[in-house]
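J.: Taking the hints into account, I'd like the entire structure generated from these sequences.
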Amino acid sequence: MSILVIAEHDNAALKASTLNTVAAAQKIGGEIHVLVAGSGCATVAAAAAKVAGVAKVKLADAAHYADQTAENVAALVVANAAGYTHILAPATGAGKNMLPRVAALLDVAQISEITAVDSPDTFVRPTYAGNAMATVKSSDAVKVITVRTTGFDAVASEGGNAAVESLSAAADTGLTKVTGREIAKSARPELAAAKVIVSGGRGMGSGEKYHALLEPLADKLNAALGASRAAVDAGFVPNDYQVGQTGKIVAPQLYFAIGISGAIQHLAGMKDSKVIVAINKDPDAPIFQVADYGLVADLFQAVPELVAELG
Amino acid sequence: MKILVPVKRVVDYNVKVRVKADGTGVDLANVKMSMNPFDEIAIEEAVRLREAGIATEVIAVSCGVTACQETLRTAMAIGADRAILVESDVDLQPLAVAKLIKAVAEKEQPQMVIFGKQAIDDDANQTGQMFAALMGWSQATFASKVVVANGMATVTREIDGGAEIVEFKLPCVITTDLRLNEPRYATLPNIMKAKKKQLDNFKPADLGVDVTPRLTTLKVTEPPKRGAGVKVADVKELVAKLKNEAKVI
Numbered sequence: 000m001s002i003l004v005i006a007e008h009d010n011a012a013l014k015a016s017t018l019n020t021v022a023a024a025q026k027i028g029g030e031i032h033v034l035v036a037g038s039g040c041a042t043v044a045a046a047a048a049k050v051a052g053v054a055k056v057k058l059a060d061a062a063h064y065a066d067q068t069a070e071n072v073a074a075l076v077v078a079n080a081a082g083y084t085h086i087l088a089p090a091t092g093a094g095k096n097m098l099p100r101v102a103a104l105l106d107v108a109q110i111s112e113i114t115a116v117d118s119p120d121t122f123v124r125p126t127y128a129g130n131a132m133a134t135v136k137s138s139d140a141v142k143v144i145t146v147r148t149t150g151f152d153a154v155a156s157e158g159g160n161a162a163v164e165s166l167s168a169a170a171d172t173g174l175t176k177v178t179g180r181e182i183a184k185s186a187r188p189e190l191a192a193a194k195v196i197v198s199g200g201r202g203m204g205s206g207e208k209y210h211a212l213l214e215p216l217a218d219k220l221n222a223a224l225g226a227s228r229a230a231v232d233a234g235f236v237p238n239d240y241q242v243g244q245t246g247k248i249v250a251p252q253l254y255f256a257i258g259i260s261g262a263i264q265h266l267a268g269m270k271d272s273k274v275i276v277a278i279n280k281d282p283d284a285p286i287f288q289v290a291d292y293g294l295v296a297d298l299f300q301a302v303p304e305l306v307a308e309l310g
Numbered sequence: 000m001k002i003l004v005p006v007k008r009v010v011d012y013n014v015k016v017r018v019k020a021d022g023t024g025v026d027l028a029n030v031k032m033s034m035n036p037f038d039e040i041a042i043e044e045a046v047r048l049r050e051a052g053i054a055t056e057v058i059a060v061s062c063g064v065t066a067c068q069e070t071l072r073t074a075m076a077i078g079a080d081r082a083i084l085v086e087s088d089v090d091l092q093p094l095a096v097a098k099l100i101k102a103v104a105e106k107e108q109p110q111m112v113i114f115g116k117q118a119i120d121d122d123a124n125q126t127g128q129m130f131a132a133l134m135g136w137s138q139a140t141f142a143s144k145v146v147v148a149n150g151m152a153t154v155t156r157e158i159d160g161g162a163e164i165v166e167f168k169l170p171c172v173i174t175t176d177l178r179l180n181e182p183r184y185a186t187l188p189n190i191m192k193a194k195k196k197q198l199d200n201f202k203p204a205d206l207g208v209d210v211t212p213r214l215t216t217l218k219v220t221e222p223p224k225r226g227a228g229v230k231v232a233d234v235k236e237l238v239a240k241l242k243n244e245a246k247v248i
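Chains L and B supply the protein sequences, listed in that same order.
Letter by letter, the first sequence follows residues 0 to 310 of numbering that gives the first Met the number 0.
Letter by letter, the second sequence follows residues 0 to 248 of numbering that gives the first Met the number 0.
There could be a bad hint or two in this list.
To be verified - Chain L stretches covered by chain B per the calculated footprint, using a threshold of three residues with CB under 8 Å from any CB of chain B:
hint, region
1, 42-53
2, 66-78
3, 101-107
4, 146-154
5, 222-236
6, 284-290
Just so you know, the hints here were simulated from the structure itself, not pulled from any lab data.
It should be emphasised that the depicted structure is a prediction, and the values quoted were computed from it without experimental measurement.
Using N, Cα and C, we set each Cβ at its ideal position, and we do this for glycine too.
T.: Following this line, the structure appears as structure tokens:
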């Protein structure tokens, strides 16, 4: 068996989600190659070559991969798919955007967001917002898979010594053009990779109160800030803060759910966290059913107290 | 221009599904079914484009069992002009649906197809991208803003850590994210009107599409349960527990 992992990167650095995806590839078993498609991304290929367990890195460096559009990257992957039994990408925004195109062009199914590998053709994936875990078997010759990063512990980023091989670029499809990116600049860790996450819900009352209360707490804990869908819908924070079925799936060491009732769709995004703390004034809120530590209190008093207590 | 909007009939988002005791799936008997919420956003966006004079016709299409007619009537009550049901009792997986929509698109020649980004039952998030690839079209997934002018679309899409703006020529595929719009409620007069709108019916065989499933579900289980922990009396106790018991701070 031979597995191709599509690297996630920003032309400068290899993203941690690639390490979780390589870990899933190791569970399948076989020779693991990593494809780096980008522009001016030799440092990414060098980083990928050091990842434990990687046998070969394939680098496609061309101007039309600078923005890694789904159309161009999928065409490249399909052009280089021969010989691989499995093609994997992390189930991140980028992977989810691109990989179904690969599956369709190869005329195979995609298996989305696997959380476990049963055998080389059988995988476990969550459905219904994580309320039902389905074990599915693929009958296709090539398995095209996105990997839920929280399901697999990252492999070491050092220790490997793979050769880097250059690939010739596929033709530019000339389809989508990226004309702008607004990446929120933040000194905080990334939501998907943070060890501690402080999330607020509708109970925060407003965007101003959300920031005024939760930022000092996040500062103290070096935490990422998250939110429930209700808080996003209410306009307190942008959508990229959203944790849940339709937002990000996270599994930090410590998760604070503050003013969050605990709708199914939110729990789907955070219930694999190691330790969950809930602060809510409603003692019957469903969030308390999954919280390791629950505090029934008015968050407007409890959060500042918590910040003070943390010193 | 015509806009095609695929819609899926799914378990209502308020329903907490239960896994069947025999592990063959989830219990769908007597469960409320509704239109996939992301598809409602897709219909709303298409109707707004028609109301703005950019689109001329909005066609809703659903692939699945006979009861999907109800979902299509809902789409027409929101404002779709007519509807197409591709009727099948087979478990239609994303690749099969993408191929069926392609066959419909070849008949109808839309300039834009707006999908919901994912269905809340199988959570696959594939069909729009697969259809775009089969057609060789541009795609803008997870859209939060769509502007169409002079045969070009400019779409703001949600990406990890922020937003991205993409541009392309039509025809194209757009998949909807939550913040794109807030779908209107179907009013009673519009629900009545929707009953009289045209609804055509095809079978996958009529469209020449093989819909044989590629994935077999071997079993479905409950996720591992997370037990409730303890309630703490105050902030002091909470911090002490986090420090000494959980050792996470």
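J.: Look at each hint and say if it fits the structure.
T.: Here's how the hints hold up against the structure:
1. Counting residues of the region 42-53 of chain L whose CB lies closer than 8 Å to any CB of chain B gives 0, which falls below the minimum of 3, so the coverage claim is violated.
2. Here's how the region 66-78 of chain L fares: 4 of its residues keep a CB closer than 8 Å to some CB of chain B, so the rule of at least three is met and the hint holds.
3. Three residues within the 8 Å Cβ limit are the bar, and the region 101-107 of chain L against chain B gives 6, so the coverage statement holds.
4. By the rule of at least three residues with a Cβ nearer than 8 Å to a Cβ of chain B, the coverage given for the region 146-154 of chain L is violated, with 0 such residues.
5. Remark: the region 222-236 of chain L is confirmed as covered by chain B, as 3 of its residues place a Cβ nearer than 8 Å to a Cβ of that chain, reaching the required three.
6. Here's how the region 284-290 of chain L fares: 4 of its residues keep a CB closer than 8 Å to some CB of chain B, so the rule of at least three is met and the hint holds.
The structure fails hints 1, 4 (numbered hints given earlier, in ascending order).
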